[in-house]
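Novice: Given chain A's structure and the hints, the job is docking chain B onto it.
Protein chains in written order, with this note's numbering: chain A, 436 to 546; chain B, 31 to 269.
Hints are not guaranteed to be accurate.
To list a few chain B residues with every Cβ distance to chain A over 12 Å, as calculated [claimed, not checked]:
no. : residue
1   : Ile39
2   : Glu47
3   : Gln80
4   : Pro87
5   : Ser123
6   : Asn124
7   : Leu125
8   : Thr143
9   : Asn144
10  : Lys149
11  : Asn160
12  : Gln161
13  : Asn163
14  : Ile244
15  : Glu257
Below, in silico cross-link-like pairs of lysine to aspartate or glutamate (EDC-like), each with a Cα-Cα straight-line distance of 20 Å or less [unchecked claim]:
no. : chain 1 : residue 1 : chain 2 : residue 2
16  : B       : Lys57     : A       : Asp454
17  : A       : Lys529    : B       : Glu56
18  : A       : Lys519    : B       : Glu176
19  : A       : Lys540    : B       : Glu56
20  : A       : Lys453    : B       : Glu50
21  : A       : Lys453    : B       : Glu210
22  : A       : Lys505    : B       : Glu234
23  : A       : Lys453    : B       : Glu49
24  : A       : Lys472    : A       : Asp461
25  : B       : Lys57     : A       : Asp492
26  : B       : Lys61     : A       : Glu543
27  : B       : Lys79     : B       : Glu56
In short, the hints are calculated from the structure, not lab data.
Computed from a predicted structure; not experimentally measured.
The beta carbon of each residue, even a glycine, is placed where N, CA and C say it ideally should be.
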Amino acid sequence: MVKHERSRYILFTLLNEKDHRYNKRDLISVIWKVIWKYYGLSVVNKMGLWIITLNTDKNYGIIKFSHNNKELIISALSLVQEIKERRVIITPIKTSGTIKKIKNKITEILN
Amino acid sequence: MSLFESKLIINLDNLCEIEEKLKFCEKLNIKNIILEPLDDINIIKNKIKQRIKEITPINIYYRICIKPKNLKDFKNKIKLYHNCSEIICVESSNLDVQIHAARDSRVDIISFTNLDLLKSLSKGIISLVNQNNSFIEFTLAPIMSENISYQSKTIRHLFRSITKVINSKSNYIISGGFSETYNFRNPRALVSICHTILGIPFPEAKKAFNQNVIKLINRAKSRQSEEIYEEGVRIIKGG
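Pulled out of the complex, with its shape left as it was, chain A reads as follows (with noise of 0.2 Å):
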């Protein structure tokens, strides 16, 4: 029996060069950048990556991904080192099946 897919959250904060601006986009695309150098394409498919949130401001963003690939996820935010050439950090904080949760840990860590 094919197991239904699930979703999955990863809450994460960003620490970047001073006065480093860069969309969703910019960010999604040195992601799957990273992705194919690590992983290659036995694993893209799987990946169903999307990005709900991106805070430049507070520093912060949610992304959304498959449940199987949680580790592969939390490793590739990880391995990212810059973004339009400048160097920038990228800690995943929490992850959760459910939105409420996560932005829940949003206001926990804002206050």
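Specialist: Leaving out everything else, chain B in the frame of chain A:
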């Protein structure tokens, strides 16, 4: 207890740089760090330790790395660390030094941090480390290298060496060992990298950043205790 970054190289003469690095680690949510002074230092003064403790709420531990060129050099250097409370680490590609270090109970870690050192890891060393209950260390710093050829070779050697060590059931730790601040990563992320890229089973990878590091710290602490004769042998004073 949370995960450890078991190697952060610092310059003890430059407190501002240390503060900067530790603040960076706080931002990355790192809870436990083992600091390693840059130069050959015999003892880390309590005054400096106290100052560093005041800088940050992170749990800080210390290690001293000896880099002997040959066996004579190793014997001369290790004499100075007879009753040292810090973790003692030996880093050398010389096989004689590695064998002696693996046999020496004063040495806690034999470090294999770069490609040349990884190539020199043999089954004999792993076996001696196992007998002496000391640790083998690997670092993930080469993973962040921009030289793809070097990176690929190192990943291959890391995979082979770690698999050898896991199969022989020896103690090992994995550290970040990054020197540049923007290469630092949270140990939880490093566990995932070990699992997905190096193919280490998840519980094993987690052990290398948590349980094994705690064991290592306890080993260094127990060296100072007069009651503990060797691992598993404690002298009980009867009345």
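Novice: Does each hint hold? Answer for all of them.
Specialist: Hint check:
Every Cβ of chain A is farther than 12 Å from the Cβ of isoleucine 39 (chain B); the closest lies at roughly 18 Å, confirming the non-interface assignment. With a minimum CB-CB distance of about 18 Å to chain A, glutamate 47 (chain B) clears the 12 Å threshold, and the non-interface call stands. Distance check on glutamine 80 (chain B): its Cβ is at least 29 Å (rounded) from any Cβ of chain A, clearing the 12 Å threshold; non-interface status holds. Under the 12 Å C-beta cut-off, the non-interface status given to proline 87 (chain B) relative to chain A holds; the minimum distance is some 17 Å.
The claim that serine 123 (chain B) is not at the interface with chain A holds, since no C-beta of that chain comes within 12 Å of its own (minimum 28 Å). With a least CB separation of 33 Å from chain A, asparagine 124 (chain B) remains clear of the 12 Å interface cut-off, as annotated. Here leucine 125 (chain B) stays apart from chain A, with its beta-carbon at least about 33 Å from theirs, past the 12 Å limit. With a minimum CB-CB distance of about 19 Å to chain A, threonine 143 (chain B) clears the 12 Å threshold, and the non-interface call stands.
Residue placement check: asparagine 144 (chain B) keeps its beta carbon more than 12 Å from all beta carbons of chain A (closest about 19 Å). Look at lysine 149 (chain B): its CB is around 23 Å from the nearest CB on chain A, clear of 12 Å, so calling it non-interface holds up. Every CB of chain A is more than 12 Å from the CB of asparagine 160 (chain B) (nearest about 29 Å), matching its label as outside the interface. Under the 12 Å C-beta cut-off, the non-interface status given to glutamine 161 (chain B) relative to chain A holds; the minimum distance is some 34 Å.
No Cβ of chain A approaches the Cβ of asparagine 163 (chain B) within 12 Å, the least distance being about 30 Å, so the stated non-interface status holds. Distance check on isoleucine 244 (chain B): its Cβ is at least 23 Å (rounded) from any Cβ of chain A, clearing the 12 Å threshold; non-interface status holds. Chain A leaves glutamate 257 (chain B) outside its interface by the beta-carbon criterion, the shortest separation being 42 Å against a cut-off of 12 Å. Restraint check: the Cα-Cα separation between lysine 57 (chain B) and aspartate 454 (chain A) comes to about 17 Å, which is no more than 20 Å; the hinted pair holds.
Between lysine 529 (chain A) and glutamate 56 (chain B) the CA atoms are separated by roughly 17 Å; this keeps the pair inside 20 Å, and the hint holds. For the hint linking lysine 519 (chain A) to glutamate 176 (chain B), the alpha-carbon distance of about 16 Å falls within 20 Å, and the restraint holds. In summary, the hint linking lysine 540 (chain A) to glutamate 56 (chain B) is supported, as the alpha carbons are separated by about 18 Å, within the 20 Å threshold. Note on lysine 453 (chain A) and glutamate 50 (chain B): the hinted pairing holds, with a Cα-Cα distance of about 15 Å set against a maximum of 20 Å.
A C-alpha spacing of about 17 Å is found between lysine 453 (chain A) and glutamate 210 (chain B), which places the hinted pair at or below 20 Å, so the restraint holds. Using a Cα cut-off of 20 Å, the hinted pair lysine 505 (chain A) and glutamate 234 (chain B) holds, with the two alpha carbons roughly 17 Å apart. Among the hinted pairs, lysine 453 (chain A) with glutamate 49 (chain B) is consistent with the structure: their alpha-carbon atoms are about 19 Å apart, no more than 20 Å. Taking the CA atoms of lysine 472 (chain A) and aspartate 461 (chain A), the gap is about 17 Å. The hint holds against a cut of 20 Å.
Taken as a hint, the lysine 57 (chain B) and aspartate 492 (chain A) pair is honoured in the structure, with Cα atoms around 16 Å apart against an allowance of 20 Å. Under the criterion of a C-alpha separation no larger than 20 Å, the hint pairing lysine 61 (chain B) with glutamate 543 (chain A) is consistent with the structure, at around 19 Å. Annotation: proposed proximity of lysine 79 (chain B) to glutamate 56 (chain B) holds, straight-line Cα distance about 18 Å (limit 20 Å).
Going through the hint list in order, the structure satisfies each hint without exception.
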